[in-house]
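Enquirer: Chains A and B, in that order, give the protein sequences.
Be aware that the first sequence starts at 1, since it is given in the UniProt record's numbering, and climbs by one per residue.
Be aware that the second sequence starts at 1, since it is given in the UniProt record's numbering, and climbs by one per residue.
Quick caveat, the hints were computed from the structure, so don't treat them as lab data.
Warning: the hint list may mix true and false statements.
What the hints assert, rightly or not - 25 angstroms max Cα-Cα, derived SDA-like pairs, lysine to any residue:
#1 B:779 / A:89
#2 B:539 / B:411
#3 B:411 / A:72
#4 A:3 / B:371
#5 B:631 / B:541
#6 B:128 / B:5
#7 A:110 / B:538
#8 A:70 / B:128
#9 A:2 / B:449
Claimed, not checked - Between beta-carbon pairs, the in silico distance windows are:
#10 A:28 / B:722: 58 to 66 angstroms
#11 A:5 / B:155: 49 to 57 angstroms
#12 A:5 / B:506: 30 to 38 angstroms
Even for Gly, the Cβ is constructed at its ideal location relative to N, Cα and C.
So you can see what is in the structure, the chains are spelled out below.
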Amino acid sequence: MKKSAILGIIVIAVAIAVIISTYSNSSTYGSFKDAEQTKSELHIVGHLNKEKPLYYDATKDANYFSFYMKDNKGEECKVVFTGTKPQDFERSEQIVLTGQMQGSEFHANKILMKCPSKYTQDKVEISGAATPTKQASI
Amino acid sequence: MNIDFKGEHLLPGHLGQFFIVLSFGSALLATISYYFATTQTNKLDLSWFRLARLSFYINTVSVVAIGCCLFYIIYNNLFEYHYAWAHSSRTLPVYYIISSYWEGQEGSFWLWTFWQAMLGNILMWKAKSWEKPVMTVVGLSQTLLASMLIGVELFGTRVGSSPFILLRDAVPGPIFSQPNYLDFIKDGNGLNPLLQNYWMVIHPPTLFLGFASMIVPFAYAVAGLWQKRYKEWINPAISYSLFAVMVLGTGIIMGSFWAYESLNFGGFWAWDPVENASLIPWLVLVAALHVLIVYKNSGHSYFTATFLTLLSFVLVLYASFLTRSGILGETSVHAFTDLGMFWHLVLDVVIFLGITIGVLVWRWKELPISRKEEETYSREFWMFVGSAFLGLSCLQLVIVTSIPVWNAMFKTHIAPPANPVSLYNVFQAGFAFIVTLFLGFTQFLKYKKTDTTRFFITTLVYLAFAALITAVIVWVSGVYKLKFVFILVMLGAVYGVMANAKILAAALKGKIKLAGSAVAHIGFSLLLIGALIAAGTSKIVSQNDKGMIEVKGFDKVADVRENIMLYKNEPVNMGNYKVTYVGDSLVAPNHYFKVLYQKLDVNGKVQEQFVLKPNSQANMKMGLVSSPDTKHYLFHDLYTHVSAAPIKEEENLTAGSTSAEHGGGDEDKNYEPPVTHEVRIGDTIRYREGYIVLRNLNKQPKIQNIPLGTNDVAIGAELEVVAHGHTYQAEPIFMIKDNNTFDFPRKVDDAGLKLRFSKVIPAENKFEITVYQQPERMKSYIVMRAIDFPYINFFWAGTIIMVIGFLMSIFRRNSELKVS
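Excised from the complex, chain A in its bound form (with noise of 0.2 angstroms):
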């Protein structure tokens, strides 16, 4: 067999090695109510439920933030995040968390959160603008 033809094989192996572990390493989208029946991590998709509370007292337990985000289905948990509270945690449209549940609450060890103003403000937040009398001052 020719050199050439022994590299071409182990270079498909490989590349077929490197397509199923992609595969077996994704994890999946999932609701809180999938993370409930499995043990393995998960990513959620949803948003910050801003009528509930968020704790975060570092005078207390610095590294220990929790919240309630709603899932893309509309189901609302806890979760419960060690560490510091991310900054801008409220102004966030979307929250991307990857980790799992324990007991009643969801217990994250990634938090990715969409500030879309932060990258594009389409909003003209002009204090000035709603009332033209008042001069901004920004």
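Place chain B on chain A using the hints.
Expert: Frame of chain A, contents of chain B only:
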């Protein structure tokens, strides 16, 4: 409805838009003219050629003019333009105006087209017989880039996105029905605080110069196949590939330095999709470069060399699609958002992919593909295999990063790996091991044929030595605690350094021109060693075991608790250091927190002390954004970053001083119930965190704005407060005015105290001092995280050495070009 708007400066925008259209038209004309100049048979007719050059010059001028108009708009704070309003603000210093310039997509497209115009001019000057076909391809790319900026309506859809769009056209709002709406727009949105870092001034231009320069090897490859000059294009392509690899590599590492200095994720590389997008084309071009050299030296692997060169540019466009189309929305924090250019970007990729496939199929039968087998013991064979593995490592990056693309294409819902960093780390480490091993032992091989016995002896001797040194490094640095594959990478990298050092030593004796590759290889290997130790053995110094809420099984998921809490002026032991949050200062818009680090020896004497000033920016528009501060040592870095602080409260901004206070009784709710003490001069009052001594009485205290009558009395109590090793002075005042008693309390914010001189008891010669103490939670505090990065300087040094190596190689290849 036509409103006569007041105060708008429409001229720079109109000019800018005119130049955008001109740059598109001239690029298109240049492409067409260069095409006909290439294909025409009458070699004496120079009309197409002259027209082509003229249009490309016009293109260059208009691209520069676009830049000037945009700069004028941003520099003069013309917020009637959306771009200036969205990315800049009045308070921004000039050097950040430059970085706000490329914060938006339009600005970065401009940067790209600017560099491409510059490169086009260099090619017109240097490329000689290659100019016509090469510039046809460059012109096409320039046309497509210009179309991204054009921002005109075509058949009901907007094509491209112009930086000169007016705010009132870009954003809907009732305010724009008023002619004087500009009076209400006082300031722009400003630049994202994370981008307010000097690396952001130079990282994007470097990165985009790298991206832009990748068109040149692509253009040479296309030109070579098109003009049937199959072998000739390789030599100039090698020089330009070296340049592109060097610049793009530098740009990528600059980005990681920015992440390390300015972002708070605690590291320099996170396998974020945006980072991957810049790495993917780099890896492929590095592979292409090696196969080009293989072909040049041995005549083997022509197809692979051509294919990889062409592919590398297509991957630049694919990377651009990934980061700009918004498709990565759910997987990346900092992927740019969609500007409605999804299909435009797809079209860009498809066109250049089409050219790649087209030229290869068109010339397939004529390609000088060698049918002869390569020798097993030849350098070219193993360089080729090594490049194949570089390609595979890139494949892994592409497949995993593109998960959202697969989802969009196949309507699936695959989530990205739950722990992408470790997945990438393990895979890329495996590839890095193989690649470094190859870049080591290929140095002992010769092109075409090598004496096998000698080769095996040297290789194995060096491998044995490398294993020995690796064992020492792994033991000392603690890398042995990591997965086995990382130890292999270390072995590969050490071996790579040693083998290339041997070549370098030989080159220094005689063939100095050959040293470039050895230096670049050493740099790359050192970079890997540094990255491996720094990322692999970085330690969270600020480990916290206090206040843990134990949840069964939870520890497996969560990392160690990484944040510690520091109250002002209360030292905490952290690792080898005693750290104290000593104060803060406000240099608008940054809020700096001073953290004193002290290293004590056994006797408690201070061996070393320094202050780090991590900061948070209290940005009105974007909220709180923290940036770390780092103490650099030769062999490790101590990185400190504030993850939370109560900085939103206005009153904390003035903290740090002993402030006087008049009245304001309901403020007492900030304190614990007061405790009164009756003391004589010289007596000591103890309280929770220290003690207070009544030193003396001041019979003539200063009281602002209150004139004292003849029967009025005012006395100040000179108090000395000692808390946590600091001494503060405070002088609360007791006053009798018009037969009424008053007192003026004094606050000692740093000690969390308010002190009142509340009564004089003449009979006993005693004085009543009332002590208000702040409860713990009301005191100033910061929550911070500190990480130790050992040997990170290898990473930076490796980068610099690698760049030097590339430079040396470029000089070598250029001198070869002149000889041939």
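Enquirer: Does each hint hold? Answer for all of them.
Expert: Okay, the hints, checked on the actual structure:
1. About 23 angstroms separates the Cα atoms of residue 779 of chain B and residue 89 of chain A, which keeps this hinted pair within 25 angstroms; it holds.
2. Only pairs whose Cα atoms come within 25 angstroms are accepted, and residue 539 of chain B paired with residue 411 of chain B is rejected, the gap being roughly 42 angstroms.
3. Taking the CA atoms of residue 411 of chain B and residue 72 of chain A, the gap is near 18 angstroms; set against the 25 angstroms cutoff, the hint holds.
4. Between residue 3 of chain A and residue 371 of chain B the CA atoms are separated by roughly 12 angstroms; this keeps the pair inside 25 angstroms, and the hint holds.
5. This hinted pair checks out: residue 631 of chain B and residue 541 of chain B have alpha carbons roughly 13 angstroms apart, not beyond 25 angstroms.
6. Distance restraint check for residue 128 of chain B and residue 5 of chain B: the Cα-Cα separation of roughly 53 angstroms exceeds the 25 angstroms cut-off, and the hinted pair is therefore not satisfied.
7. Taken as a hint, the residue 110 of chain A and residue 538 of chain B pair is honoured in the structure, with Cα atoms around 19 angstroms apart against an allowance of 25 angstroms.
8. Between residue 70 of chain A and residue 128 of chain B the alpha-carbon distance is near 64 angstroms, which puts this suggested pair outside the 25 angstroms criterion.
9. Distance hint between residue 2 of chain A and residue 449 of chain B is fulfilled; the C-alpha atoms sit about 18 angstroms from each other, no more than 25 angstroms.
10. Between residue 28 of chain A and residue 722 of chain B the beta carbon distance is about 60 angstroms. The supplied range of 58 to 66 angstroms therefore holds.
11. Look at residue 5 of chain A against residue 155 of chain B: about 51 angstroms separates their beta carbons, and that is inside 49 to 57 angstroms.
12. The supplied range of 30 to 38 angstroms is met by residue 5 of chain A and residue 506 of chain B, whose beta-carbon atoms lie about 35 angstroms from each other.
Hints 2, 6, 8, counting from the list given before, are not met by this structure.
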